[in-house]
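Peer 1: Sequences are here, hints too, so could you generate the full structure?
If you want the building blocks of each chain, they are given just below.
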Amino acid sequence: MFNLKLIIKATTVVFLSITVSLISSVSFAKTDVRIMWYGDGETEGVAFKNQIAKFHASNPNINVIVDEVPYKAIQDTLPVQLAAGEGPDIARVTDLGGLAKYYKDLTPFLKDPSYWESSYGPFLKWYRLPGDKTSINGFQSTMTVTGPYVNKTLFEQAGVNLLGAGATWDEWAIAANKVASKLNIAIPMGWDRSGHRVAGPAISMGAKYFGADGKPKLVDSGLKTMTRMLYDWHQNGTMSKDLWGSVSGTTYHAPNEWWNNAGMVMMMSGSWQINRFSKEVGDDFDWWAVPAPCGPSACTGMPGGNALVAFNANESVGKVMDFLASKESLREFIGDVLAIPGHLDLQVDYKTDNPLAKHALETFAGAVPTIDSIAFDLQAHVDNRILFNATISRLGQAIAGEMSLEEAWVRMDKDVTKQLKEKYGN
Amino acid sequence: MFITNYKFKNQFIKIISNLFALIMNAIDLLMRPLQKIIGVRRMPYIFLLPNLIFFGLFVIIPLVVNIFFSLTGGTELYISNRDFSGLRHYQTLFDCQDYFNPNSCNEDYFWRGIYNTITFVFFQVILMIFFSLLTGVILNKNIIGRGFFRSVFFFPVLLSPVVVGLIWKWILLKNGILNAIIESNGGTAISFLTAPGLAMSSSIFVSIWAHMGFYTLIILAGLQAIPPNLYEAAEMDGTSKERTFWRITLPLLLPNLVVVFVLASIKGVQTFDEIYVLTGGGPGTATSLIVQYIYTTGFAAAGQVQNFGLAAAASMVLGLVLLVLTLIQLYIGRDKESKTQDI
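If you read the protein sequences in the order shown, they are chains A and B. The first sequence runs 1 to 426 under my numbering. The second sequence runs 1 to 343 under my numbering.
I should point out that these hints are in silico values taken from the structure, not numbers from a laboratory. Here a beta-carbon is modelled for each residue, glycine too, at the ideal position from N, C-alpha and C. Among the clues, some could well be false.
As the list claims (entries may be wrong) - Sample of chain A residues lacking proximity to chain B, with all beta carbon distances greater than 12 Å (derived):
1) D112
2) G121
3) K351
Said to hold, decoys possible - Quick list of simulated restraints, FRET-style, between CB atoms:
4) A:D67 with B:I181: 39 to 45 Å
5) B:P44 with A:N61: 42 to 48 Å
6) B:S80 with A:S373: 39 to 45 Å
7) B:F131 with A:K215: 52 to 58 Å
Peer 2: Listed below in structure tokens is the structure:
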């Protein structure tokens, strides 16, 4: 029935092929390094992959696999993967302190740890757990500063003067409203829906974010002033309920769609938008970065940014990180993506002729020295997201009319206490 | 050419049948001694074993793990690293001064989710039955293009909930298609998804749109099972159409309507993805349903402490509600079955 000889021959050929392929794969074995990457717009992804291609050219034995994911996956999926003991070798993250317990110290695998200390020194502590003063877990792929943009074209058309450095949030709100009412613009002011975005202005109003004992303490008079301001702006139409109202809880929402269509006079976001605006708005209108508005205590934005951090430490991961953190590699990447470098000694030649982008880069880079020390401490704190999330979720509820602002403040503090208790068990 | 193909086909069938016979013989070799050992009466359990293994792996074990999670605290994912906390999470969920005021509850998001789910299910089920019945009755008539319309109403059922959510989001957004039409006709844009009351109404509408086809099909099957001679007799007696509907159609359709009611209620309580995509649970928490609460508490909120224990406790509560609804469905099904057997 069956041709036995043929079957034996075929089986022999199959086994031989498998053996040969196994032997060859062992002799030319490549080490895989998996990176989970998100990009703000297409440019960042392309620029990063260029760097990886260059790495491959000089390191043929290390196979870097880039999993490009949406930002939401970094926020929501990565922490669960890590908690389950899974996850990539390297990832680009923004919750720098929150994921610190999963980072691995790369020091033994780096070519020159002193380069890392001298180039990224102040930021390295953002990735360390309390008490740890030495580990090197990653580096800032870009540094960001929060701050507002205005649609300068609309200001000019409305005949309203732009405000200079030292102007307060109230003054900007009045100016934005003037422009909106003169030109019939739908939304005078829009903010990213994020507790991080609220933090800088709140610190300007006097928020401390930490108690006298150094432990997180959210609600104080400064935070109350800023959240009251945001609440009132939603009630009087300075900010549209359609933006923050389109999501709930701690969900992030950026009003780019309205901004790009010139449906908004002023947008509170940050330096990471420069590249997007260059691509998406171009020269449709003059998008103009302005200095951080002031409050009685400061005129500060929040520092931040994203870091490439290691969840696995070995020689291959060290090599990849050494390459990506090198001056040459980072200079090229930052120049491509029009960002502020989180490197202390890096001259960047930005690849843009757009004067709006150049102005925005100058404005945000110039804002770094004026960032309040509380803002740096808050950014470095391992539990900062708990504070940010409590702020935005409860403020969102108050704005939607589910509770009074006073009730929201009580809930904010309760949320922080509850979450810290669940995390630390006391 | 034909002959070659035919030969090849025959040979192929032969090989497959031989292979099948080989496997069956191998199983037989195993089963015969097994049957001798455990006896014929116990053999069905052996045949059920593969299914039971899957059921155990994907239903029973997760259920036990969930119960364990609900009784332990901390942020660790691995069971061995979690501390036993007893009924603490259940106490947190039910710690309320006034159960009708979520603001007075310790875990107010949970209670908002409960109330939103009750509102959602109440209106969605009533309207779902009404529109499914209406559509079913119309599609049961000899109208032109009946087959086409049956397909049209059933089509949304085939769509992924995420697709449904996205499509309707683009339509209902403040700067969406529907508002563009309203504004181009001189109207004012409406906040369908960002005004609390309207957001819930829009969510209910979208959910009905997405699932109505399935329930219409159940009702249509019921309508077609009603003996036509009853209608003929009514017509001969000169009964009005309204009276025929109320006295013949509706009573005979009642078992199907009850099935629709229970199934729609179960589905309604489980609703998450399409509403999450459509409104994100907002504005505030106006459309945040109980499953969204479980999801965000356990997994979703970035940087937030992932409270697996609390999420597990809430899912146990939800599981109990679904168990009650399923028991009702089983009772109705059994009742209907026994009546059929009586006939």
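Peer 1: If a hint holds in the structure, say so; if it doesn't, say that too.
Peer 2: Each hint tested on the structure:
no.	hint	in the structure
1	D112	holds, 33 Å
2	G121	holds, 25 Å
3	K351	holds, 32 Å
4	A:D67 with B:I181: 39 to 45 Å	holds, 41 Å
5	B:P44 with A:N61: 42 to 48 Å	violated, 57 Å
6	B:S80 with A:S373: 39 to 45 Å	holds, 42 Å
7	B:F131 with A:K215: 52 to 58 Å	holds, 55 Å
Checked against the numbered hints given earlier, this structure breaks only hint 5.
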